[in-house]
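Undergrad: These are the residues of each chain, in order.
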Amino acid sequence: MSDSAAHAGPHRLTPWLATLAAYIVPLGFVLAPMALFLVYSFFSVDHGSIVFSPTISNYVRFFTDPVFLPIFWRTCLLCLAVALLCVLFAFPVAYFLTTLRGRSRYMLLVLLLVPLLMSYVIKIYAVRSILGGNGMLNRALLATGLIDKPSMLFVFNLNAVLLTLTVLLIPFAVLPIFLSLERIPKALRHASADLGATNAQTFWRVTVPLSLPGTLSAMSFVFVLAIGDFLTPQMVGGQSGFTFGRIIYSQFGTAFNWPFGAALSVILAAVVILAIRLGGRLESKHGGAK
Amino acid sequence: MAEAGILLKLRSVSKSYGATAILHSIDLDVRDGEFITILGPSGSGKTTILRLIGGFTQPSGGQILLDGSDIAAMPINRRPFNTVFQDYALFPHLTVEANVGYGLAVRGTPRAEITKRVADALELVQLGPLGKRFPAQLSGGQRQRVALARAIICRPRLILLDEPLAALDVELRRHMQTFLKSIQTEIRTTFLFVTHDQEEAIAMADRICVMSAGRIEQIGSPHEVYYRPGTEFVAKFFGENNLVPGTLGPVEGTTRAIDTAVGRLVCSIDGQPKIAALPAGSPALAVFRPEAVGIGDAAEGENRIAARIDQVAFGGASTMVNTAAVYEPQQILKARLQSRPDGTSLSQGETIPLVVPASACRLVAA
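Chains as they are written, first to last, in my numbering: chain F, 378 to 667; chain Z, -6 to 359.
Among these hints, one or two may not hold up.
To be verified - Quick list of the computed label-pair ranges, beta carbon to beta carbon:
hint : chain 1 : residue 1 : chain 2 : residue 2 : range
1    : F       : ALA577    : Z       : SER53     : 21 to 31 Å
2    : Z       : ALA105    : F       : LEU523    : 44 to 54 Å
3    : F       : ASN576    : Z       : ALA129    : 22 to 32 Å
These are computed hints drawn from the structure, not numbers from a lab. Every residue, glycine too, gets a C-beta built ideally from N, C-alpha and C.
Isolated chain Z (complex conformation) (with noise of 0.2 Å):
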């Protein structure tokens, strides 16, 4: 029997075309009910993982377990997922209506049913009165919405999407963000999205799983890839942050320290056995986000660097300090700090004081 709460197990899943690997043995729990976002560079093989899942491609090894059955032979249309394609491949040749009502067609489903079940999936995408148009009267958000309603239609168990809003415009995607996420909340499906957009991913998912060349880097929820990273990759892939090389000290209960070029840094390493288990001596690199960085006087528990700002810019609610380090001008320093209205009266060659919290910095291996 399957375990509870857990959807679709992937065990030691991996897919290669000839010689060339795409995915490296991926392990991955599907829970129910949950947003789960797959996100990676292009080339990471997240969508490889989708279209493993959605049948459209067969694993080379590994077992994809669906209540604790193997779902290899079970082919795309027995599969109770549906999928919202990347370029959402509604039939040109049918209306919004029999597009939406599709999978529902094809089972057979009294016609009475369909009608109002096609009802139903508009309202709840707001499109209710476009039933009669054809797909290419609509716009690209309008085609997103019916390709959702299509897949939702048939009360699939997982909806897996396919980078649906990479052809929309920023704004549309912001506001279809919203929506995809309020639309799982009331339907209470399970979600598997892959992108490629971190901000996306932060923006909607319950757990994101980061993948890097076929291989996952880190699963967890966005405050834990974000403030927590598990590797170098995931430290450099969500947005800007720092990163400081060197070797790590001893343990300290919840801290570990890591000499460095610009001093002796105290880490946080709670929540992160890994770290804690790698001897001392071993390559390892300090992480924290410009954010964390205040200047002034460091109290206990908190780190000091001598830095020397190379760049000033004000962007709105954040000002962005570029500095190097005093000790080591190569190493770049970033502060991201709050904008005041009187400006602030720091300057470019000015020697200034970085603090970072221990508990906002993280280790991750070298």
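For reference, chain F alone in the conformation it holds in the complex (with noise of 0.2 Å):
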């Protein structure tokens, strides 16, 4: 009897010792400086260092100042685009992905797996060095006879900053709608085709409905991430290509106004967490009819 009371001590700390380990990286490491931003964000500055007394004036400054709001608004609207880019690229080849069978279809998984392995600085040179003025596409314009000298049109501007973050978060979507697509039961393709449907028509009122979940959260997906990119804007946006992340960048390192750099934060991250909350919940709502 004292045995096993002596023996359940341990026991029964063990599984809390482990919840306690596996609680303390998320909330040290991402709750705690979250809390910490939101913090500061009620902080100002005055030459150069914090001043330590609550106000609301970073925000009231991005709600006034006639310079943030529009670049936000932009930023939000290039994402969203980027985020239906990615998807329409996507979806056709998840769609290829799932009509693969064995070793082609791993191969092929695994070739679109392979830059997400990249580091992501030299991904963005790799995209830069084809956009440039002297770049790989505009080099192919002019050897075709389309253009007679170098455009400008996808370079150091939103343009370019449009198609490289496409072409570095395409993987991103890819995987979530070929999960959703490799979902459908094949029951449902011959049903609809049993009752008198082509192959086109299956397509548009039974696999491309079906698959909204995960193109839903494949955008969601996308937007997240390209919502919080400063160095593709950085890298490729030149002076016109001029994002939120870059904004918030700079605060915390030329202008060095760190509290005004977390408030902006802090609003991105509500527009990140209203983004997945909404690319689930339209997700909810059209997977929930299963």
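Using the hints, put the two chains back together into the complex; each one sits in its own frame.
TA: As structure tokens, then:
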């Protein structure tokens, strides 16, 4: 009796410790810094040093200054466009993937995932070398004679940011769409054909609607990744390709206004959380009919 | 031109995957308006036949003839058949109404007509008020009805049903059997029903096609396959049966004798020309149902077998008596007797005379 009681002590403690360890990482390294940001966003800066008294001036500045709101909306729009483009390009790839079997499917999947293993900066440089004034794209267009001098349409501006983000984030969109397509039972496509539908009708009436949960989560996924990115706009955006991420970055760097940067970060985090919730909401609404 | 009354003909249809043959030279006629059941254990190829007719897979050889012309090249969506799938395969993102109306919508039927016909179809399967629900909000039996309504709404010439009752519990299954049969009678459409459940087949079918290992064992009415089995497999497949091996004797009119270890048995061969044509001395089996066995003195035209009682099992309406033949203790013989309120006087170890009328005894080639 006493023996079992003595053993019960450490046994009962182990799961507690394991749980604690599991929570320490997210609590200590994610939630705590975010809380700190929230607190900092209510401070201000005076002559290069932070004033630790609560104020909402940072938020007032964001909503009243004519510089920030337009950039904020433009960034949201840009990232929405990136999300749409990514899904548009990823869907055919994911669909093609579901038609493959065995080795060829595995090979293509690995090929799609290889870019995820590469350094982000290297990938940006790679895309930049394609898009630049003297880049591959311009040279190819010149060689074919479509244009007679290098086009500046996608050199160091928002278009370049849009293209680069799209190229870099497509793999993130392929996977959720592929998984949702995979989950559609073959019997449903058979049933559709059996009822007289052509292949195109089956695709639009059965396959696309049923893949919507995955497509929506892919969209919110890409949107969240794109809106938090400051490196890509920094490297390919030039002077005109200014995004919200870059503004936040500059607040912590050249502007040295941590409280204002924190306030902008809080706003960004709110947008991200909203996007994830929205994606999840639509997803469960469409997937709920299962 | 097609033969009158025959909707679909399968002629030497075979199917194999690589070196594995699933179906061997199947010949089957589906008559217009009948309820035909393809019955067999799993792996017998019964679902493959349905999939070949539906167009979900292509035959390796032979022909499937509709109105006299081969439909091998006809795509699924052009065949005038509709299928009720095993797991119903309802579209989860569409309401019951949209599911049922799907076949009409993809054919570009006017909206008003779709609405009317969907309402009619739902009325027919007694799901009138549930049209706005999603499949996930329905019970198994209700989904079953939606699947049926979805199949009949396009007025197909043949409805293929792939073990549609397999997922339902016993009670509901009985109910759905009666229901399906009544629907089929009402709309007068040909039903081809695939199942592994003998009772289900007997309860519903006009004709049963019994399959085993990719071959057709017998095609006939439920009564025929039950009481007049064509093969040993069929004799063993439907419920409990008595099989006594022996060698064939001479034919005498509509009966033929068989010499067995328990003595000479006289069996009816009425309507079985194949058995009549076998030479004397061929190995065969005498087959008779436990419920055909009586106890007592044999009259003219009856077989008598002395047996020792092994076990008496009361089973409600009937009592099953398991016995071993006195002259061949390895030979198990079963008799199903009507139960009596005062019980039976039979006891274990007792020797009794079993009586089987020749008319209830049949022969199958061994």
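Undergrad: Taking the CB of ASN576(F) and the CB of ALA129(Z), does the distance hold inside 22 to 32 Å?
TA: Holds - the Cβ-Cβ distance for ASN576(F) and ALA129(Z), about 27 Å, lies within 22 to 32 Å.
Undergrad: State, for the Cβ atoms of ALA105(Z) and LEU523(F), whether the hinted interval 44 to 54 Å holds or is violated.
TA: Because 52 Å falls inside the window, the suggested range holds.
Undergrad: Could you say whether the range 21 to 31 Å given as a hint is met by the Cβ separation of ALA577(F) and SER53(Z)?
TA: holds, 29 Å
Going down the numbered hints, you'll see the structure goes against none, and every one checks out.
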